[in-house]
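Going by numbering that gives the first Met the number 0, the sequence shown wraps up at 106, each residue one higher than the last.
I should point out that these hints are in silico values taken from the structure, not numbers from a laboratory. Note that the Cβ used here is the ideal one computed from N, Cα and C, for glycine as well. Be careful, since some hints might not be right.
Label-pair ranges, simulated between beta-carbon atoms [unchecked claim]:
#1 Phe101 with Ser51: 16 to 26 Å
#2 Ser51 with Leu88: 16 to 26 Å
#3 Lys73 with Pro2: 23 to 33 Å
#4 Lys72 with Glu19: 33 to 43 Å
#5 Ala105 with Ile79: 26 to 36 Å
#6 His65 with Glu104: 20 to 30 Å
#7 Leu100 with Glu19: 46 to 56 Å
#8 Gln6 with Ala41: 11 to 21 Å
Heads up, simulated DSSO-like pairs for lysine-lysine below, C-alpha to C-alpha not over 27 Å straight-line [claimed, not checked]:
#9 Lys72 with Lys93
#10 Lys93 with Lys45
#11 Lys72 with Lys14
#12 Lys73 with Lys93
#13 Lys36 with Lys10
#14 Lys36 with Lys73
#15 Lys73 with Lys45
#16 Lys93 with Lys36
#17 Lys36 with Lys72
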Amino acid sequence: MVPIVIQFFSKTGVKHGILEFIEQMHESVDDLFANIKYALEANELKLNQLASLGSDNTNVNVGNHHSVFALFKKLLPGLITGTCYCHVLHNSVKHGNEHLLFDIEAA
Numbered sequence: 000m001v002p003i004v005i006q007f008f009s010k011t012g013v014k015h016g017i018l019e020f021i022e023q024m025h026e027s028v029d030d031l032f033a034n035i036k037y038a039l040e041a042n043e044l045k046l047n048q049l050a051s052l053g054s055d056n057t058n059v060n061v062g063n064h065h066s067v068f069a070l071f072k073k074l075l076p077g078l079i080t081g082t083c084y085c086h087v088l089h090n091s092v093k094h095g096n097e098h099l100l101f102d103i104e105a106a
């Protein structure tokens, strides 16, 4: 299951919520892109008003060449990528831990 979560501006402020859950058998770039695009369009959201696309940091989602973000970027050149800061923080701590002068788990 892939949740499609949106955040948008309205006259009463910023709104956010789950738009749709996509059940996807294969998590290929092309299938994921097509399903996300379909979910947005099926809910009458205009792709040209999409400002940012956020996801976790896998290559399927945000790789430089053939990724969901790269395919959306072809349609929308001004699109901004959003990353999952929890994953960034986790990876920073995980790799930073290797450079400590003591074993933090044994301390």
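Each hint, compared with the structure:
1. Phe101 with Ser51: 16 to 26 Å: violated, 40 Å
2. Ser51 with Leu88: 16 to 26 Å: For Ser51 and Leu88 the Cβ distance comes to about 20 Å; the hint holds.
3. Lys73 with Pro2: 23 to 33 Å: Since Lys73 and Pro2 have Cβ atoms about 24 Å apart, the given range 23 to 33 Å holds.
4. Lys72 with Glu19: 33 to 43 Å: violated, 22 Å
5. Ala105 with Ile79: 26 to 36 Å: violated, 42 Å
6. His65 with Glu104: 20 to 30 Å: violated, 39 Å
7. Leu100 with Glu19: 46 to 56 Å: holds, 49 Å
8. Gln6 with Ala41: 11 to 21 Å: For Gln6 and Ala41 the Cβ distance comes to about 18 Å; the hint holds.
9. Lys72 with Lys93: violated, 31 Å
10. Lys93 with Lys45: Given that 27 Å is the threshold and the Cα spacing comes to 39 Å, the pair is violated.
11. Lys72 with Lys14: Roughly 24 Å separates the two Cα atoms, so the pair holds.
12. Lys73 with Lys93: violated, 34 Å
13. Lys36 with Lys10: The hint holds at about 25 Å.
14. Lys36 with Lys73: holds, 13 Å
15. Lys73 with Lys45: holds, 16 Å
16. Lys93 with Lys36: Violated: Lys93 and Lys36 sit about 34 Å apart, past 27 Å.
17. Lys36 with Lys72: holds, 12 Å
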